[in-house]
Every structure is written in C-alpha cells, then in structure tokens.
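Here is what each chain is made of, one letter per residue.
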Amino acid sequence: MAMNFRGFVPFLCLSLVVACAARPFYLLPSKIATQNRQPLQTSRPYNIAHRGSNGEIPEATAAAYMRAIAEGADFIETDILSSKDGILICFHDVTLDETTDVADHKEFADRKRTYDVQGVETTGFFPVDFTLEELKKLRVNQRYKFRDQQYNGMFSIITFEEFISIALDAPRVVGIYPEIKNPVLINQHVKWPNGKRFEDKFVETLEKYGYKGSYMSKDWLEKPLFIQSFAPTSLVYISNLTDSPKIFLIDDVTIPTQDTNQSYWEITSDKYLDFIKEYVVGIGPWKDTVVPVKDNHLQPPTDLVARAHARDLQVHPYTYRDENSFLHFDFHQDPYQEYDYWLNEIGVDGLFTDFTGSLHNFQEWTSPISQNDGKNKSKASRLLDKIGLLISAYKNG
Amino acid sequence: MNWIGIIVPFIAVSVIGGCVGRPLLHPAPIRKPLQTIRPYNIAHRGSNGELPEETLAAYRRAVQEGADFIESDILASKDGVLLCFHDLTLDNTTDVANHKQFAHRKRSYQVQGVNSTGWFVVDFTFEELKLLRVKQRFGFRDQQYNGKFSLITFEEFISVALHAKRVVGIYPEIKNPVFINQHVKWSDGKKFEDKFMEALKKYGYKGSYMSKEWLKQPVFIQSFAPTSLTYIANLTDLPKVLLIADPPTRTEDTNQSFFEITSDSYFNFINKYVVGIGPSKAAILPSIDNHLSETSSTGLVAKAHAHGLQVHPYTFQNEYLFLTFNFKQDPYEEYDFWINKIEVDGLFTDFAGSLHNFQEWTSEKGN
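Just so you know, the protein sequences line up as chains A and B, in that order. No gaps in the numbering here: position 340 of the first sequence is 340 in UniProt numbering, and each next residue is one more. No gaps in the numbering here: position 242 of the second sequence is 242 in UniProt numbering, and each next residue is one more.
Misleading hints may appear alongside valid ones.
[Unchecked claim] Computed from the model, here is a short list of chain B residues facing chain A with C-beta under 8 angstroms:
| id | residue |
| --- | --- |
| 1 | G49 |
| 2 | D142 |
| 3 | Y332 |
| 4 | G353 |
| 5 | S354 |
| 6 | W361 |
Note that these hints are calculated values from the structure, not bench results. Each residue gets a CB set at the ideal place from its N, CA and C atoms; glycine is no exception.
Go ahead and model the full structure; you've got the sequences and the hints to work with.
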C-alpha cells in the first residue's frame, strides 16, 4: 500500500500543474456535437435577454446569462466597454458606482474622476481607470432596489470572451448580441498597440471565436450574432471588417448621436434610413419613441416601424420590463399584454427584455414553434409596407 | 267581416299578456354555460386593477375579460339598502371629503376591537351615498376614472351578472355583519343576513352546488363570520365559503383564532355548512424576506381538500410589490404556481383579464 506513495504525490502534483496549465482559459466548447444542438428559432420574433435575466440576478453576470439561457432566450445581450489595460468587458454604465461595490474598496478611494461623457460632466469610478485584475476584485449588485437583492456581492464582472463562451457552451444554439458601447469615450481613454481601436479589438474577439457570415447564412445560424451600437460611424467602420449583421440603436428624441451629433429626427428620416440600410440589417429604437406616451397612456404609433420594414430593416425595440412601474396603463399592469401589443399589433422583429422567462412563456403559449406562420405573417405585412413606400414615392415623385 | 274587430284585440291582449307575464330580469335563453373544468376566475371587486372597485364599469370589464364570477362586498346604508362596498368607511375610495354637506358626519366606532374614525357607510342614507363618486384605491393604478362612477346596490350588481351574454356567477360577501347589525335596523325585525338572502331569492338564486338551478345562476356566498353562514344555512342550500384571514386575526362573531378554525375538528364541523374556504395566500404560504418557502407551508390546502372543501385564496394582484421574488416579478408565474403546484380551486384576482389569459393560453397543455 505504501509502496510508491512518496513517488506518487509529486507525480500527482506535477500532473495537476500540467493539466491546469494546459486547460484553455475559457470554458471548453459544448460537449454536445454542434450538429445535434437545437438550432436558433427563426420563425417568430427574437427573445433578446437584455443584460441577461437581470430581473432576477445582477445584470451582465455569468449567472444572469446562464439563467437567461435556461429560460429560453434566443440571444444573450451585453454592453462592451474596456478596462484600462484594453481588455473588453461586459458592463453597461460608464461608471462602476451604481452596480458594483467599488465604494467599499478603500484601495480604490482615490480613483474617482470627472469626465465629459456625451457632453455631460460625469463623476464616478470609471472602468477605463481600472485594470481587469482590479475590476475582478469588485462584486456586482442588483441595479434596482425593488428586485431581488439576495445575490448582491456574489458575482464579478466578466470579460467579452467569458460572455462568448457562455453562449458557445449552451446546450442549444444561443446567439450573442454585443454592443460597441460608448466608443467615443473608450477610444479617448484606452489605447491599443499597433494603432488598433476599440472597434478593431471588438471584431477581433468575435473572429477569434469563429463568428462570421451574413444574416441567415449557414455560418451565422451556427453562431448567431448581432452587433449593435448607438454610434453610426462605428458600424460603418466595422462593415469593412465583417459581414456579420449590425443593428443601429436609436436613443430618445432629445439625444444626438455621440459620434456624428445627429438628431433623432435626422437619423430616423427616410433619407437616413436609405443610407444606413446599406450597413445594418435593423434598428433598435427606444420603445417610447416608436409609440409615444402621454400621462402613462399610449398615443397613436409613429410610422417608424413601417418605414423600417419597407426598407427590409428589422426593428428590435428596448426595453421590456415586468414591473408595473414600467408598464403603461393600457397594458393593465400586465407585462404579457405589453408583449402581445408589440408583437401582434406593432409587429416588431425582436424584443430586448429584462425578463426572458416571461417573454418565453408568452411566445410559447401563444405562438409555439410548431406553428410556423409567425414570420410569414410579418413577411406579408412587410410587403404591404414596401408597396406603400412605392406608392407614396410615385405620388410624391 | 268583423274579423278585424276580433283579431286586433286578440293580438293586443296577447302582446300585453306576454309583456306582463315576462319576468323582470329573465336571462337570455341560451347562454354559454359556466366553465367548471378549471379553477374559477373570481373577479375580486371587478377588474379593479383598471377601474375603480365595485363599480358597474369594473364589473362589466371583468365580464368582458372572461371572469367566471364577479365578486362583491355587501354592506348596508343607514336606511337598510344593501350596497356594494368594501371598507366600512368612505374615506379611501370615495370623494366624501369633498362634500361639504357631509363634513359633520365623521364618527369614531369600534370595529372588531379597533377604534376607527371616518365617514361610515352606515351613517348615510342610500340617496346620500349616491351623491358620492368612487375613486381608484391604489395610487399606482390608473386614476383616469376617478370621480366618474357611483356606488351601486346589491341588486344592480346582480343585474350585471344576469344581463351578461354568457353565464356569469356572483360571489357576494356578507361583510362585517356584526357591525352592520349593530348599526342598522330593519323595520320588519329582519337582520342583515335575512335581507341578504331576500335579495338573492328575489332574483331566483337557488340550488346546491352544481345543481341544475345553480349552474343557471351560479353563486357562492362568502363571509368571515361563521355564525352568519350557519344562520343562512337554514334559509338556503346555496354554496357557502368561509373566509379565513391571516393568523393573528380572530373571527368577528365567535372570537376564534386562526388555529382553531383551521383545525381538523373545526373542518369536520364547518364542512356541513360550507363547500369551501377562502383563505388569504399568506395563511397558506407565509413569506420571509419576500420569498415563499414551501417548508413554511401551513398545510391548509391539503387539509381542506381532505375534508372535501374547495380552496379559493385571495388576493392575486399583478403589481410586483405584491409578488414574492420566487415569481420573478411575473404575475403569470404566480398563477402557474398556485394553480398547478398548490392546486387551488379558484382565485380571487384584481386582474381577471390576466388570469383569463393564463388559463386560456395554457389550457391546451391540459393543465
């Protein structure tokens, strides 16, 4: 029994060291062969898990993303920023104050700064002033006080690569929906070697994991991806680097674009849509600009969806939340009535939601995958939109 | 050729005879029947998530949205008219404070051992109550109908159900009977419970649970006061439901504790009088730190079912502040849990439309 014990222990240690060193630093790819994984559904509007299932678990954490996948998300969504040392991370705010415990870390007390962010003087702890190692010391908190606080302090910030590996490791095909976030600010504060910019590193990361192919191509269906940004020049720039589908995000009516300083009215004009449709497959507008709201009641919808659809642009509005404080009275405090309205009356093509599980319930109960007429219906109404466009062009021309 | 002289009077008499002979509120002959295969959707005070509670509009909306039953609390005015109203005081849900002519009517009374001050329903005649306008109770619900609707009588409530295009049941409560009988006296020496039953009988409500007559005009009579229910058991075989409040509360008439009225021996007694219980959700499953834990279950549902009693818990509300975190801010997850895991037989909901959606959308799955 004691025969080779003395020799065995060093051998065991050596094996462990070798094994640990040899293991890739990202999660191993799915153990299920790619061919056997349930494919992405494309017959009904996309369920986009906005920052993961952050209605239940702190946003943009591994746990929030895994929960979203378990709940049936088609895509997991994230905002990509950069650390001081140029590592791309998943984080929404330009400052760490609201959703991390940075204020509890005495060693970082002197890191508070004030920067101009899109014309607004902003003070706080900026991720661009922290290395990844430092950021990894922080813990994420639930943003909203009225949501479950029990996971505060348990999870850390993750990298873009860790986010990607969560999708690739899922038991079924799950798409990713990353945002080139605050590129103007990032490029001001973070410099990469070889003159590379934020957008270059962003696309590099995607290519490293094999994301490629235009919308609905074979490559794309294996690894579905939408790249989103509020900055049109970033989208135009990367269109030279990748043919992966891009989505142009549109903010509230009062906010100009951060890079080109264009107004909402300009970037939603027919002329601009005609321009941008060469670079993007869709738009991601704030839902209250698509259907305006007064005294918490819906007003008649604008024609943005029709004009987008007429140009073959998808529409993925943000953001859908279950809490009645976010619901307009027309929906009777019922998040499912809101889904019903946007999917069946307005007819959008995807929804950014904080509550993937609720949207999945609604879609499964009212339009299960076996009934494949969902996308066909919207194709018909898009054709009508196109005809409408032709007629009005003829009338005006 | 005197046939005109014969035919015309004959037709006239027939028409008049037909009109007079027709009952005042006869329901339409062929109506879609009450569904009885899945738990009852009980519109708690009507669709009060959208419209001020216990108004005609709230009840009509609930019927439109698919409620199986419309529910109401019955109190009495100073002159003995039975009306639909939940609170004993008018302060929270009416504009009584704006009526200068009633400024001096504020009173303080003992209500179930607690001193309460306000404008009490029992101090106003029905004609005076009709001058008031109802408002939405919760500040976070739609306020746009405030001041538009008035209080209604028990009879007006009944007519909403009887006039519906499909069979809709009613679920009225003998509310605060101890207090009402203290403050309101009827000239014929009858008590509140008698007048309550008179109203139901007048509109033809009769029959035991699931009988042919009951299915035509379904009704559950509910009360927190067991003696009111045992009293009316002598007057009607219509199904009755005993309401059960959270543990510290004692019954207003018999001063019994929660533990006593949910004991096996009590169920053995009360199940001769009632077909079910209507407990608060917390009486079945308390919550800690806004989480439900099944280990803290009181076992009430299993016990009730074992005694052949239905369980209709109250109240289901869509707003996240009423949902424990287990339900992920999603009211449909709450319906799913209570219907499919706890297996209750009916639900009092402020949002009949949402419950109806849930039941309709998941019914194909055989739930």
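Checked hints:
For B/G49, the shortest C-beta to C-beta distance to chain A is roughly 6 angstroms, which falls under 8 angstroms, so the interface hint holds. Taken as an interface hint, B/D142 checks out: its beta carbon lies about 4 angstroms from the nearest beta carbon of chain A, inside 8 angstroms. The beta carbon of B/Y332 is positioned within 8 angstroms of a beta carbon in chain A (closest approach about 6 angstroms), and the interface hint is therefore held. Using the Cβ-Cβ criterion of 8 angstroms, the hint placing B/G353 at the interface with chain A is satisfied: the shortest such distance is roughly 6 angstroms.
With a least beta-carbon distance of about 5 angstroms to chain A, the hint placing B/S354 at the interface is held under the 8 angstroms criterion. Taking 8 angstroms as the C-beta cut-off, the interface hint given for B/W361 holds, the closest approach to chain A being about 4 angstroms.
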